Structure formats: C-alpha cells, structure tokens
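Q: Residue numbers (my numbering), protein chains in the order written: chain A, 43 to 197; chain B, 43 to 197; chain C, 43 to 197.
There could be a bad hint or two in this list.
Identical copies go unnamed one by one, so any copy, or any two together, can satisfy a pair.
[Unchecked claim] With a Cα cut of at most 25 Å, we get these calculated DSS-like pairs of lysine-lysine: (1) K68 with K192; (2) K192 with K84; (3) K194 with K68; (4) K102 with K68; (5) K192 with K103.
None of these hints come from the bench; they were simulated from the model.
What you are looking at is a predicted structure, and each value in this text was computed from that prediction instead of being measured.
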Amino acid sequence: MVDHMELMQNEVFLAFASYATIVLSKMMFLSFVTGFYRITRKAFANPEDCISFGKGEEAKKYLRTDNRVERARRAHLNDLENIVPFLGIGLLYSLSGPDLSTALLHFRLFLGARIYHTIAYLIPLPQPNRVLAFYTGCGVTLSMAYRLLKSKLYL
Amino acid sequence: MVDHMELMQNEVFLAFASYATIVLSKMMFLSFVTGFYRITRKAFANPEDCISFGKGEEAKKYLRTDNRVERARRAHLNDLENIVPFLGIGLLYSLSGPDLSTALLHFRLFLGARIYHTIAYLIPLPQPNRVLAFYTGCGVTLSMAYRLLKSKLYL
Amino acid sequence: MVDHMELMQNEVFLAFASYATIVLSKMMFLSFVTGFYRITRKAFANPEDCISFGKGEEAKKYLRTDNRVERARRAHLNDLENIVPFLGIGLLYSLSGPDLSTALLHFRLFLGARIYHTIAYLIPLPQPNRVLAFYTGCGVTLSMAYRLLKSKLYL
Numbered sequence: 043m044v045d046h047m048e049l050m051q052n053e054v055f056l057a058f059a060s061y062a063t064i065v066l067s068k069m070m071f072l073s074f075v076t077g078f079y080r081i082t083r084k085a086f087a088n089p090e091d092c093i094s095f096g097k098g099e100e101a102k103k104y105l106r107t108d109n110r111v112e113r114a115r116r117a118h119l120n121d122l123e124n125i126v127p128f129l130g131i132g133l134l135y136s137l138s139g140p141d142l143s144t145a146l147l148h149f150r151l152f153l154g155a156r157i158y159h160t161i162a163y164l165i166p167l168p169q170p171n172r173v174l175a176f177y178t179g180c181g182v183t184l185s186m187a188y189r190l191l192k193s194k195l196y197l
Numbered sequence: 043m044v045d046h047m048e049l050m051q052n053e054v055f056l057a058f059a060s061y062a063t064i065v066l067s068k069m070m071f072l073s074f075v076t077g078f079y080r081i082t083r084k085a086f087a088n089p090e091d092c093i094s095f096g097k098g099e100e101a102k103k104y105l106r107t108d109n110r111v112e113r114a115r116r117a118h119l120n121d122l123e124n125i126v127p128f129l130g131i132g133l134l135y136s137l138s139g140p141d142l143s144t145a146l147l148h149f150r151l152f153l154g155a156r157i158y159h160t161i162a163y164l165i166p167l168p169q170p171n172r173v174l175a176f177y178t179g180c181g182v183t184l185s186m187a188y189r190l191l192k193s194k195l196y197l
Numbered sequence: 043m044v045d046h047m048e049l050m051q052n053e054v055f056l057a058f059a060s061y062a063t064i065v066l067s068k069m070m071f072l073s074f075v076t077g078f079y080r081i082t083r084k085a086f087a088n089p090e091d092c093i094s095f096g097k098g099e100e101a102k103k104y105l106r107t108d109n110r111v112e113r114a115r116r117a118h119l120n121d122l123e124n125i126v127p128f129l130g131i132g133l134l135y136s137l138s139g140p141d142l143s144t145a146l147l148h149f150r151l152f153l154g155a156r157i158y159h160t161i162a163y164l165i166p167l168p169q170p171n172r173v174l175a176f177y178t179g180c181g182v183t184l185s186m187a188y189r190l191l192k193s194k195l196y197l
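Could you put the whole structure together from the sequences, leaning on the hints where they help?
A: Now the structure itself:
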C-alpha cells in the first residue's frame with residue numbers, strides 16, 4: 043500500500059494520469075459519434091444491426107458505407123494510432139524524472155492537438171488544419187521519446 | 043529491485059495485471075481467427091499471401107473480401123478501440139489506491155463484457171446482445187476514469 | 043520523487059522502457075510512410091486533402107485507394123494490433139521481477155520481429171517471411187503473458 047501512494051504523490055505522474063485519462067475519454071467519445079451517424083444515416087456494417095429498420099431485402103439496403111460514418115471511423119483510427127504511442131512513451135517519460143513544467147507543456151500540447159485534430163476531421167476544416175494538429179501530436183510524442191532515450195537508454 | 047516487488051504486492055495492481063493480460067490475450071486470439079477464416083475461405087489482402095493457391099491470374103481471384111473475415115476484423119478493431127482506454131485508465135486507476143472489491147468488480151465486468159462482445163460478434167447473436175456488451179465495457183472504463191479524475195485531477 | 047527513481051534503477055524496467063519507446067517510434071514512422079505514398083501517388087481519403095491538386099471534379103479523381111497506400115495502412119494496423127498487447131503485457135511482466143537476460147531476450151526478439159514484419163510488408167518479401175515475423179512477435183507476447191500469469195495470477 044506504500045508504493046502506489048508514492049507514485050501518486052509524484053506530480054509529473056499525477057499530471058500524466060490526468061491528461062491520459064482525458065485524451066482516452068475523448069477517443070472513446072468517437073465510438074459514440076460513429077454510432078450516432080450509423081443510426082441517423084442508416085449505414086451499418088452488420089446485417090444484425092439493421093434488423094430494426096426492416097427485414098430481409100428491406101434491411102439489406104442499410105448495409106452500406108456513408109461519408110460521415112467513414113470520416114468518424116478514420117478520425118477514431120487516427121486517434122488510436124497516435125494515442126497508443128503517447129500512452130506508452132508518456133508513461134515511461136513520466137517515470138524518468140522530467141522537469142514538471144516541461145512535462146506539463148508536452149501533455150497540454152498533445153491534448154490540445156488531438157482535440158483540434160478531431161474537430162478538424164469531423165467538421166471538416168480545410169487543410170492544413172488537420173495535418174498541423176497531427177504533426178503537433180507526433181512532435182510531442184517524438185520529443186518525449188528523444189528525451190527518454192537520451193537519458194535512459196538500456197539495450 | 044525493491045520497487046517492483048512492492049508494486050506487485052499491491053493486490054489491486056496484481057489483479058489489474060491478471061485481468062489486463064487475459065483480455066489482451068483474448069484480443070490477440072482474434073488475429074488467429076482472422077487468419078483461420080482467410081485460409082479456410084481463401085480471401086486475402088495481399089498478392090504474396092495467395093501464391094500457394096495458384097499463380098498469376100489464378101491467384102488474383104483470392105484477393106477478395108469475405109463476410110466472415112471482415113466480421114473477425116471488425117471484432118478485432120472494436121476490441122482495440124475499447125481495450126486501449128481500459129489499459130491506460132485501468133493502470134492509472136489501479137495506482138490511485140481504490141478499494142479492492144470495487145476494483146475487482148470493474149475488472150471482472152470488463153473482461154466478461156469483452157468476451158461476450160466477441161462471441162456476439164463472431165456467431166453472430168442478434169442485437170442488442172453485442173451493443174449491450176459494448177456499452178458495459180465503455181461504462182466500466184468511464185466509471186474508472188470518473189473515479190480517477192475525481193480523486194487525482196492535476197492539470 | 044523517490045519512487046520513480048527506484049523504478050528507473052530497475053534494469054528490466056529500464057530495458058523495457060527503451061525497447062517500448064523504439065518499437066512505438068517505429069510504429070509512428072508508418073504514419074509518415076502512408077502520408078508519403080498518399081502524396082506521391084495522389085490517393086486520398088478526404089476531399090479536403092486533395093484540394094491542392096485541383097478543384098471540384100478535378101480533385102475528386104484523387105479520392106481513391108492505392109495499393110501502396112493500403113499496404114502501408116495494413117502494416118500500420120497490424121503493428122497496432124501487436125504492439126498494444128506487447129506494451130500492456132510487457133509493462134506488467136517487467137514489474138513482476140523476471141530474470142534480466144530472459145527479459146532482454148523477449149524484448150530484442152519482439153523488436154527484431156516487428157521491424158522485419160514491416161520490411162516484409164512494405165517491399166513486399168514473399169511469404170512466409172511476413173507470417174513468420176508475425177508469429178515470432180505473438181510468441182514473445184504470449185510467452186510473457188504465460189510467465190506473468192503463472193507467477194502472479196490474482197482473479
């Protein structure tokens with residue numbers, strides 16, 4: 043019971059826990075966006091999902107792709123591809139004893155970039171809004187990876 | 043050598059480690075399901091994969107999508123989208139000193155929900171079986187996120 | 043400030059941190075490969091992405107799929123599906139006090155297998171190059187899962 047208390051008294055780790063939880067909740071929110079578009083636009087991937095809209099041939103016409111649904115799915119997959127490295131590298135970076143203000147700068151930039159990326163993808167905003175948000179997120183993660191490997195490499 | 047021993051003497055963390063390992067192994071199992079359907083139904087995504095079934099034009103006809111394969115792939119992607127937040131939030135939640143019985147309730151519900159989700163997706167069971175399993179999993183993760191942020195928010 | 047220092051003095055954990063960071067950076071690299079192929083082969087998923095190549099009907103013809111782009115995307119998704127279990131199980135395994143040389147063997151094999159998998163997917167190399175790299179990666183993760191559950195199961 044001693045150990046985790048100490049970890050949670052580490053301010054950098056506490057900050058990482060807060061930002062990671064928020065960014066993951068935001069990612070889960072995209073599941074609901076996809077579900078919302080699937081229902082309102084009647085575009086499903088599985089036959090059993092459209093049964094309430096009709097039977098037999100009637101139901102089959104809802105087995106289709108829709109621009110809005112595919113857009114939400116791409117935003118979700120892009121989140122997954124970027125948040126997984128942030129989680130892994132960020133956790134290890136937080137434990138490597140970085141400066142609190144530097145760490146907070148990384149976490150805040152990443153959260154802001156990913157929220158902006160989702161907005162730019164869903165509305166959609168014209169480029170280069172989305173691509174800049176994407177590169178900002180990647181830059182934050184790579185900067186943490188560089189600092190971690192520079193100070194703690196063990197191969 | 044002292045530290046990790048202490049972490050692994052924390053019962054909540056030990057329980058999280060066990061459930062996370064099982065749910066991740068279950069997710070990896072879906073890779074093999076996809077592979078099994080690809081081979082038995084001869085539906086591949088890459089030209090180099092179907093070379094053993096024929097050459098040239100003969101092989102090209104196996105470059106196709108198949109309902110069973112796509113179903114297994116969607117089940118896999120849905121697992122990934124839901125298990126990543128569970129892992130991230132669950133790890134931090136486990137370190138925040140929750141009540142053991144509350145934590146176990148969360149982990150068990152999540153594991154059960156995801157196993158049921160996979161069964162409902164692969165067979166497939168009629169709705170709302172799959173959607174209820176999905177919402178149960180999301181609910182568990184969001185409940186952990188809420189408890190974590192309520193007690194330990196640091197922005 | 044004491045705790046994380048101790049964690050980072052644990053050699054197995056330090057090694058895990060290094061290998062996890064490298065394998066996640068490699069995964070992020072595939073985002074750039076996809077982006078590179080999208081631009082050089084003019085194959086985009088969103089209307090707003092191809093606006094710099096023309097307007098209206100001119101732009102629409104770039105909304106298409108391309109073999110190279112899809113190949114990079116599949117390699118990326120396969121990485122995600124395999125690196126997420128490695129991260130989760132590997133982190134918990136590192137904390138469970140394994141033998142340093144055994145742990146290093148696991149981490150090195152996994153990193154090598156995933157790098158070879160990416161090379162085999164992108165070039166592409168004939169099978170069974172890619173499938174062997176895939177099974178090696180899975181085998182490493184399942185071996186860590188087995189060792190973890192054998193020594194520390196708590197359900």
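Q: Looking back at the numbered hints, which does the structure fail to meet, lowest number first?
A: 2, 4, 5
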